[in-house]
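**Student:** Sequence:
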Amino acid sequence: MTENVTGCNCCEELTEQEMLEQLDGLIADYLDKPGGLIPALQIAQSRFGYLSESILKQISSRFNKSYSEVASVVGFYSFFSTVPRGRYVVRVCLGTACYVRGGKEVLSSLKKELGIDVGETTEDRQFSLDVGRCYGACGLAPVIMINDDVHQRIKPTRLGELLKAYADGQIEEPCTTDEMGDAG
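Residue numbering for the sequence shown follows our numbering, beginning at 1059 and increasing consecutively.
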């Protein structure tokens, strides 16, 4: 059985086999470079939205590493995900300044608004919810990030309209296949 998965969630729907076929081309430049594994994993996750078991197996094979070694690298870094993520990853800062200035209330409001808990994704795969420990905007606390967009001085009462703007496409993330950023 072949399941359909969505790449970066704004690109075409791909089967698992199509993802594996694209993977070699995406990581080819990193195969012989020292330290190339992590950039290859980042590129694969950026393109496909997460790192499935079959993707990890193919990467481990191409890098001549054991599956357990590659899986342990993925497990060590919190920015890698082995489960499908939402099109928009919402990260709530719970560093000291954000926590003191209402980050906990923002998180509670997001859980209620999205109907999910931390580490989960909405059924429509629009949003995933995570927490972080500092986004470097302490003077603007509380802060959330939605993908790479930083939103400051967040009020729990305004979260609904912010999420709706993303869901309705009023705020759109660019879709690239070579982006090195954290996709979740």
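Don't read these hints as lab results, they were simulated from the structure. Please note that the accuracy of each hint is not assured.
List of simulated lysine-lysine pairs, DSS-like, C-alpha gap at most 27 Å [unchecked claim]: (1) K1123 - K1170; (2) K1091 - K1162; (3) K1123 - K1162; (4) K1162 - K1222; (5) K1169 - K1115; (6) K1091 - K1123; (7) K1169 - K1123; (8) K1115 - K1170.
Distance windows between CB atoms, simulated [stated by the list, open to error]: (9) L1078 - F1137: 20 to 26 Å; (10) E1219 - E1111: 36 to 42 Å; (11) S1119 - G1194: 33 to 39 Å.
All C-beta atoms in this analysis are idealised placements derived from N, C-alpha and C, irrespective of residue type, glycine included.
**Student:** Now, for every hint given, state plainly whether the structure supports it.
**Tutor:** Status of the hints after comparison with the structure:
{"no.": "1", "hint": "K1123 - K1170", "result": "violated, 42 Å"}
{"no.": "2", "hint": "K1091 - K1162", "result": "violated, 42 Å"}
{"no.": "3", "hint": "K1123 - K1162", "result": "violated, 41 Å"}
{"no.": "4", "hint": "K1162 - K1222", "result": "holds, 21 Å"}
{"no.": "5", "hint": "K1169 - K1115", "result": "violated, 34 Å"}
{"no.": "6", "hint": "K1091 - K1123", "result": "holds, 14 Å"}
{"no.": "7", "hint": "K1169 - K1123", "result": "violated, 39 Å"}
{"no.": "8", "hint": "K1115 - K1170", "result": "violated, 37 Å"}
{"no.": "9", "hint": "L1078 - F1137: 20 to 26 Å", "result": "holds, 22 Å"}
{"no.": "10", "hint": "E1219 - E1111: 36 to 42 Å", "result": "holds, 38 Å"}
{"no.": "11", "hint": "S1119 - G1194: 33 to 39 Å", "result": "holds, 38 Å"}
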